[in-house]
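Sequence order for the protein chains is A and B. In terms of the numbering used here, the first sequence has 713 at position 713, counting the first letter as 1, and numbering is strictly consecutive. In terms of the numbering used here, the second sequence has 80 at position 80, counting the first letter as 1, and numbering is strictly consecutive.
Just so you know, not all the hints are guaranteed correct.
[As the list claims (entries may be wrong)] Taking CB as the label site, the calculated pair distances span:
id	chain 1	residue 1	chain 2	residue 2	range
1	B	48	A	171	55 to 61 Å
2	A	765	B	48	54 to 60 Å
3	A	171	B	58	57 to 63 Å
4	A	599	B	87	38 to 44 Å
5	B	59	A	783	28 to 34 Å
[As the list claims (entries may be wrong)] Incomplete in silico selection of chain A near chain B, CB under 10 Å:
id	residue
6	21
7	50
8	257
Hints listed in this document are in silico derivations from the structure and should not be mistaken for laboratory results. Positions of the beta carbon are idealized from the N, C-alpha and C atoms, including for glycine.
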Amino acid sequence: MPKDHGIGAAPKRREDLRFLTGTGNYTDDINLAGQAYVYFLRADVAHAKINGMNMDAAAAMPGVVRIFTGADFEGVGGLPCGWQIHSKDGSPMHEPPHPVIAQGKIRYVGEIVAAIVADSLEQARDAAEAIELDLEELPAVVDMKAALADGSALVHDEVPNNRVYDWGFVEENAAATDEAIKNAAHVTTLELVNNRLVANPMEPRVAIGDYTRHNDESTLYTTSQNPHVIRLLMGAFVLGIPEHKLRVIAPDVGGGFGTKIFHYAEEAFVTFASKQINRAIKWTSSRSEAFISDAQGRDHVTKIELALDADNNFTAVRTHTLANMGAYLSTFSTSVPTYLHGTLMAGNYKTPLVYINVEAVFTNTVPVDAYRGAGRPEATYQLERVIDKAARELGVDPIELRRQNFITEFPYATPVALEYDTGDYDATMTKLEEIADLSGFAARRAESEKNGKLRGLGVNCYIEACGIAPSNVAGALGARAGLYESATVRVNATGGVVVMTGAHSHGQGHETSFPQVISEMIGIDESQVEIVHGDTGRGAMGMGTYGSRSIAVGGAAMVRATEKIINKAKKIAAHLLEASDSDIELKDGTFSVAGTDKSIAWGDVCLTAYVPHNYPLEDLEPGLEETAFYDPANFTFPSGAYACEVEVDPDTGEVSVQRFAAADDFGNIINPMIVDGQVHGGIAQGIGQALRENTVYDENGQLLSASYMDYAMPRADDVPFYEVDHSCQTPCTHNPLGVKGCGEAGAIGSPPAVVNAVIDALQSGGHDVTHIDMPVSPSRVWAAMNG
Amino acid sequence: MFNSAIGKDFDYREEFMTQVSMTVNGQAASGDVEGRTLLSTFLRETLGLTGAHVGCDTSQCGACVVHVDGKAVKSCTMLAQEAAGATVDTIEGQANADGSLNVIQQAFQDHHGLQCGFCTPGMVMSAAALLKENPKPTEAEVRHYLEGNLCRCTGYHNIVKAIMAASGQDAEAIAAE
Ligand code: FES
Ligand code: FES
């Protein structure tokens with residue numbers, strides 16, 4: 001019997017009521033009295049020196065308030081990078097300045113060259129057309145290999161060979177890994193591209209700066225996944241505004257997927273310029289702007305080698321990856337190909353030796369940073385593709401090859417610095433075989449073949465590290481931020497609860513799922529609990545939502561604060577019931593004295609806390625409000641097994657996804673309905689990456705896929721219904737809820753399943769095709785079949 | 001009007017504005033627009049009906065779908081002046097008179113057919129148009145009809161289910177929860 005409240009129940013989402021009636025409050029829905037608008041003039045060449053700008057005509061146009069250029073930002077900080085990586089030789093990464101507005105040089109198409117503030121957006125846009133730029137074009141650096149070559153043009157003059165860093169991990173494994181590969185019975189090698197993606201949350205970014213002169217306060221409304229982080233980065237590193245004079249509000253946010261983590265130039269601009277003109281300034285990105293200004297994702301080129309012994313045991317993995325950073329280091333860009341990627345290269349397998357080498361490269365393209373999964377999809381894709389290729393080369397069943405090499409004992413210390421606390425990879429694989437009906441595949445293939453189609457089955461596993469932590473370890477690895485989360489639980493006088501969390505919901509449904517936890521702990525109805533998030537003015541501190549961390553870290557902080565509340569409330573109850581607090585039990589919203597019929601309701605205790613007439617004032621402060629900061633002891637490790645079945649049309653190369661199944665282990669589940677939804681969305685993004693989405697620059701650095709006409713977003717008829725299951729649960733051992741996080745799994749686990757399935761289909765048709773790069777488009781499939 | 005830093009001697013807006021009137025969610029509505037003002041802008045900025053969202057500038061995402069004279073229209077593709085005199089229905093007018101969700105809205109909530117909610121107004125308005133045309137669509141028909149509505153969050157699974165459930169079909173039998 002499914003539960004009807006608390007942890008594990010699936011109450012309908014309360015936030016849906018506003019979203020379904022058009023009464024959500026997204027940033028673009030906010031209009032401030034007297035606001036001006038900014039239009040950003042963006043570079044339309046990828047690489048050029050700015051020799052001059054003539055703005056006289058533009059400045060004289062109707063409605064123009066002021067035009068800002070890079071010169072206005074001299075002396076203002078640049079956009080900071082949040083993670084310092086060291087190269088193999090111990091040297092710190094190259095970290096050139098990242099200006100708010102281009103200063104002297106343009107480094108990518110889309111970079112802000114000037115900002116026109118006017119009474120209306122149309123006026124600002126009209127004025128932008130009247131600005132004359134005197135540019136000296138430079139050769140564009142686009143391809144990573146060419147960028148690294150001696151003599152290449154330089155994106156930043158001070159960065160030789162455009163190489164940001166050359167990272168080796170774990171350096172102590174390097175020689176032994178080389179040796180193991182040399183001595184292996186079999187080595188499978190694969191070169192592959194993890195295609196560059198544009199995150200494309202459906203809500204484009206928006207930023208509104210609002211300065212009030214009488215109290216010298218700045219407020220930024222922004223489409224952010226982590227308003228407190230923006231307050232810290234922008235306040236401390238860019239504009240020099242202390243926290244108490246800066247408020248950042250991220251109201252309803254229409255999807256993030258990573259690209260709304262970062263601190264962007266537009267946020268700093270509107271905050272800075274609003275003070276200059278003493279007037280609110282609004283910026284709303286168009287979709288076209290989003291394509292050339294939102295940080296993009298992935299873009300790795302990798303060679304991976306998998307060594308096996310004569311019994312098909314994995315003995316070593318070695319990779320070399322080129323990771324595209326774009327033209328500047330975005331907030332978390334440097335951590336994605338390193339600590340979020342290299343650490344996952346053991347996967348679900350007990351491979352004893354793993355060595356990763358990553359070279360990060362500047363190019364004249366939009367900056368690249370985390371996109372749903374961030375490093376972990378790249379790791380999973382390489383590993384699960386090369387294992388599939390190895391199985392084919394060795395003539396063994398790909399599922400059995402995986403099973404044979406699974407880690408089976410926990411905790412397990414990998415050769416790439418992680419310690420997996422729990423997991424049961426065999427269980428998720430068995431569950432997958434059941435829900436994907438793998439035993440029925442042969443019959444389905446026969447049916448497809450009757451219809452002239454090739455049918456393929458692709459299976460893979462994944463593991464991810466979520467709830468990134470602990471802060472001291474991350475700090476030692478170069479992180480420049482803490483990775484805790486905070487929660488303040490405020491109990492009002494009549495017993496209702498307000499939770500101020502540093503986590504941020506932009507689709508994840510925290511307003512529904514977080515109260516389930518409180519309801520479970522206290523025994524009050526979920527309707528008595530309200531979640532406040534997205535406003536630095538209402539919650540003390542927070543690190544925000546990304547890396548599937550909301551419930552694992554933010555939820556844990558809320559549990560810790562609620563435990564403090566319950567402890568204090570028990571003391572009050574003990575006083576009122578004239579018992580010892582160790583005898584007080586809390587169940588279903590009632591405190592009782594163990595072994596007696598004496599009890600008092602939650603609401604009465606809360607009221608006493610605020611009307612402390614009969615209260616132990618000498619021992620206890622009145623009131624009932626507690627804050628907790630939770631810093632996790634380890635990552636969490638969700639894992640699972642995914643299966644995809646595709647049909648390939650041999651005449652056109654068209655691939656259609658027929659079935660998709662996902663068996664995940666997320667540990668304990670708070671709201672299964674929301675978890676299913678997270679997995680569905682991730683799978684669609686993974687199918688999108690595998691089959692359709694691609695970000696293409698020409699050799700001049702022009703983005704060719706710059707709108708929904710050219711960038712193929714997955715649509716409803718590109719995907720099937722998905723079969724998802726999360727009944728395999730090995731709870732996390734080190735957070736109080738036993739949860740692991742579920743937000744990124746779908747996007748991490750699905751691309752290799754799709755590509756494995758396409759290869760399987762082609763092989764079944766007698767085509768000796770071992771790899772096709774994503775997106776596996778009809779033309780690429782056709783070329784592979786007929787090549 | 002605000003005086004801009006560099007003063008202007010005429011009011012740009014008054015110069016180019018004309019008035020349009022239409023019936024929006026059953027009520028008379030009017031406002032001043034420029035010739036180039038889109039219906040989506042008029043609804044959002046002039047009338048303050050921010051339910052219809054703008055997710056693209058190439059008329060492909062469908063977040064802005066409203067009904068004009070009973071037909072689903074991407075409000076970013078129509079000029080406000082073209083809708084003069086028309087009957088326009090938006091997401092804000094969809095709930096029942098007592099404020100409860102209508103059948104389609106309720107099905108979206110029941111089947112978790114929305115996450116961030118940004119595509120949702122367009123999805124609901126498109127679904128309403130579909131079900132008017134085709135009261136019992138198949139899964140394939142629903143998916144095909146939604147070609148012009150992008151959602152980045154849900155993977156469409158629960159949207160398709162919600163629409164089929166709203167049409168009175170047994171969504172559980174179609175796809176497991
Ligand atoms: S905003 Fe109208 S279709 Fe995208
Ligand atoms: S619910 Fe977020 S885009 Fe559809």
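* Asked: In ascending order, which of the hints set out earlier in this document are inconsistent with the structure?
  -> 3, 4, 7
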